[in-house]
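Asks: Just so you know, the protein sequences line up as chains A and B, in that order. Just add 1004 to the spot in the first sequence (first one is 1) and you have our numbering. Just add 486 to the spot in the second sequence (first one is 1) and you have our numbering.
Simulated from the structure, these hints should not be mistaken for laboratory data. Positions of the beta carbon are idealized from the N, C-alpha and C atoms, including for glycine. Some hints could be false.
[Said to hold, decoys possible] A partial selection of chain B residues facing chain A, derived with a Cβ cut-off under 8 Å: (1) K491; (2) Y495; (3) E497; (4) S503; (5) Y504; (6) R509; (7) Y512; (8) L522; (9) V525; (10) V529; (11) Y530; (12) I533; (13) H562; (14) S590.
[Stated by the list, open to error] Using 27 Å as the maximum straight-line C-alpha spacing, the simulated DSSO-like pairs for lysine-lysine come out as follows: (15) K502(B) with K1220(A); (16) K531(B) with K1095(A); (17) K563(B) with K1224(A); (18) K1034(A) with K502(B); (19) K505(B) with K597(B); (20) K1225(A) with K1135(A); (21) K563(B) with K1135(A); (22) K1095(A) with K1034(A); (23) K505(B) with K1013(A); (24) K516(B) with K1013(A); (25) K1038(A) with K538(B); (26) K531(B) with K1135(A); (27) K491(B) with K1031(A); (28) K1013(A) with K546(B); (29) K1031(A) with K563(B); (30) K1111(A) with K1202(A); (31) K540(B) with K490(B); (32) K1038(A) with K491(B); (33) K1262(A) with K1212(A); (34) K1013(A) with K635(B); (35) K1202(A) with K1220(A); (36) K540(B) with K1038(A); (37) K1034(A) with K538(B); (38) K1038(A) with K502(B).
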Amino acid sequence: MNNNLDELKRKYEEIEVPQNTLELVEKTIKKAKKKEKALNIFKDFGATLVAIVAILTILVNLNSNIAYGLSKLPILNVVVEVVNFRNYESKHKDMEANLNIPEISVKDEEGKILEESTKKINASIEEYTNKLISRYQEEVEATGGEGLQTVNLDYEIITNNERLFSIRFNELIVMASGNEKVKIFHLDKQTGEVIILKDLFREDANFKKIISDNIKEQMKKRMEEDENLTYWIDSEVPEWDFKSINDDTTFYINEKGKLVIVFDEYEVAPGFMGVQEFEIPTEIIKDFAKDGFIS
Amino acid sequence: MASKKMKMYVEEEILKSYKSMYRLAYTYVKNEADALDVVQESVYKAIRNASKIKHYEYIKSWLYRIVINTSLDILHKRNKESLVEKMTEEIKEETNRDLDLINSLQNLTDKERLVIVLRFFEDMKINDIAGVLQENPNTIKSILYRALKKLRVDMEKGGYKNE
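Turn these sequences into a full structure, and let the hints guide you.
Replies: This is the structure we're talking about:
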C-alpha cells in the first residue's frame, strides 16, 4: 500500500506546472490588491449610493401603482416584436463589456404602434441595462481600467402567445468568479402593461406562501435524491436560508403553460449550483391565478 | 492592522504553494487552461478574503479549500452537465499518464481527496488537518482510512501496479 501511495505522490508531483504560472499568480495578487483600494474609495461614497438606491425604489414603486391603475383598460390582440437592437461594447485591458439591448415595438391589429405600451416596456428594459452599463463604467473608473471584469448580456424571447410576451435577459458578470443572473420582462398583451409575478394572481391571493412552500418541498426532494445538491434551507446559517418569494420574483411561463420561478446564482444555493428554476404545479395556484397566463 | 499582516502571510503562502494549488486544481479540471484559471481565481479570492482568517496555521489548508471550491465552480460552469457525470466519466483511453492518478482520486469525495492531498502529498499532520476542517482528529483518521481503502481497491483492479 505504501509503495502505491509513494507512486501516487510521485505522480502528483509529476503534474507539470506551466512556466508562466508564477508570473500569473503575481499579477493576480497585484490586481486583487488594487481592487481592494478601489473598493475603499467606494466605501466613502456609500451614503450617496444608498440615497440614490432609495429614490430609484420609490420611483419603481410609484410606477407599479400607476401600472396597476391602468391595467383595467383592455387592449386586445396586440402584436409584440423586437424591431431593432443596439450593442454596447467596451474594452479596457482585462475589462470587457458586451451588451445586446433590444428595442421592442407593440402594435395593434392594424399595425399601428401603441406608443404608450412601447415606451413602457422599452423604458423598463433601458433602466435595467443602463444600470448594468453604469455599474461597469464605475468599475472601470475605480480601477483605472486595470480591473478584472467581463459583463455579458444576451436576450431571448421565451414566450409570445395571445396573452403574454416575455423576454429573458441572461446576465453574466465575471469578476474574480462568475455571477449569473437572469432578468425577465413580461408584457400583458391584453392590457399592454409590463407585469410582474404578483400581476398573475388575484389581488387577495396568498400566492407567495403557497408557492414558497412548494419550492421548499422541491428543494428538499432534490437534495434527498442527489447528495451533491445543496440548497439554503434549514442550513447552519439561518439568515441565508430561502424564506419566501416576493411580488417581483423572476418567473416565466414554460412551453407547457406552467409557471416557473427562477433564482439567480447564489440566491438560494451555493455558487456552483448556478441559476435555479422551479416549475410550480398548476393545481396549487389555479384557484387564484388570473385567466390566460397559466394552463 | 492584524488583517494587513494576515494578507502578507497569505501572499507568502500563495507564492510558496502555488504549484500545489495548480496540481490540486488539475486533479479536478484535468486540463492546463482551466487549472490556470482556477489558480488565478483562487489567488484573487484568497487575497480579497485574507482578513477573514483567524489563525495563521490555517492559511495553507484554507487555500486548498478555496482551490477545491473554485474547481467545482468552474467544472459546473464549463459543462452544464452534472458534477456526478463529470466525476464518473471514463477517461481511461487517454494516454496521458497523469490521468491514472486523476482516475484514482476521482472516486473519492471532496473531503476524502482533500485529506489525502493534505496528509500525503503536502505532508500535513492529522491534528492540523483536523483543526482546519473543524473535525475531531479521529474523524479525520476514519476519513483517511476510508479513502485509502477506496484507493487500494481502485489501484488493484485498475491495473495501476503494471506501470
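Asks: Give a verdict on every hint.
Replies: Outcome of the hint check:
| no. | hint | verdict |
| --- | --- | --- |
| 1 | K491 | 14 Å, violated |
| 2 | Y495 | 13 Å, violated |
| 3 | E497 | 6 Å, holds |
| 4 | S503 | 10 Å, violated |
| 5 | Y504 | 5 Å, holds |
| 6 | R509 | 5 Å, holds |
| 7 | Y512 | 5 Å, holds |
| 8 | L522 | 6 Å, holds |
| 9 | V525 | 7 Å, holds |
| 10 | V529 | 4 Å, holds |
| 11 | Y530 | 4 Å, holds |
| 12 | I533 | 4 Å, holds |
| 13 | H562 | 5 Å, holds |
| 14 | S590 | 7 Å, holds |
| 15 | K502(B) with K1220(A) | 45 Å, violated |
| 16 | K531(B) with K1095(A) | 23 Å, holds |
| 17 | K563(B) with K1224(A) | 23 Å, holds |
| 18 | K1034(A) with K502(B) | 16 Å, holds |
| 19 | K505(B) with K597(B) | 20 Å, holds |
| 20 | K1225(A) with K1135(A) | 37 Å, violated |
| 21 | K563(B) with K1135(A) | 25 Å, holds |
| 22 | K1095(A) with K1034(A) | 20 Å, holds |
| 23 | K505(B) with K1013(A) | 14 Å, holds |
| 24 | K516(B) with K1013(A) | 17 Å, holds |
| 25 | K1038(A) with K538(B) | 18 Å, holds |
| 26 | K531(B) with K1135(A) | 25 Å, holds |
| 27 | K491(B) with K1031(A) | 20 Å, holds |
| 28 | K1013(A) with K546(B) | 18 Å, holds |
| 29 | K1031(A) with K563(B) | 24 Å, holds |
| 30 | K1111(A) with K1202(A) | 25 Å, holds |
| 31 | K540(B) with K490(B) | 12 Å, holds |
| 32 | K1038(A) with K491(B) | 17 Å, holds |
| 33 | K1262(A) with K1212(A) | 16 Å, holds |
| 34 | K1013(A) with K635(B) | 16 Å, holds |
| 35 | K1202(A) with K1220(A) | 19 Å, holds |
| 36 | K540(B) with K1038(A) | 23 Å, holds |
| 37 | K1034(A) with K538(B) | 19 Å, holds |
| 38 | K1038(A) with K502(B) | 22 Å, holds |
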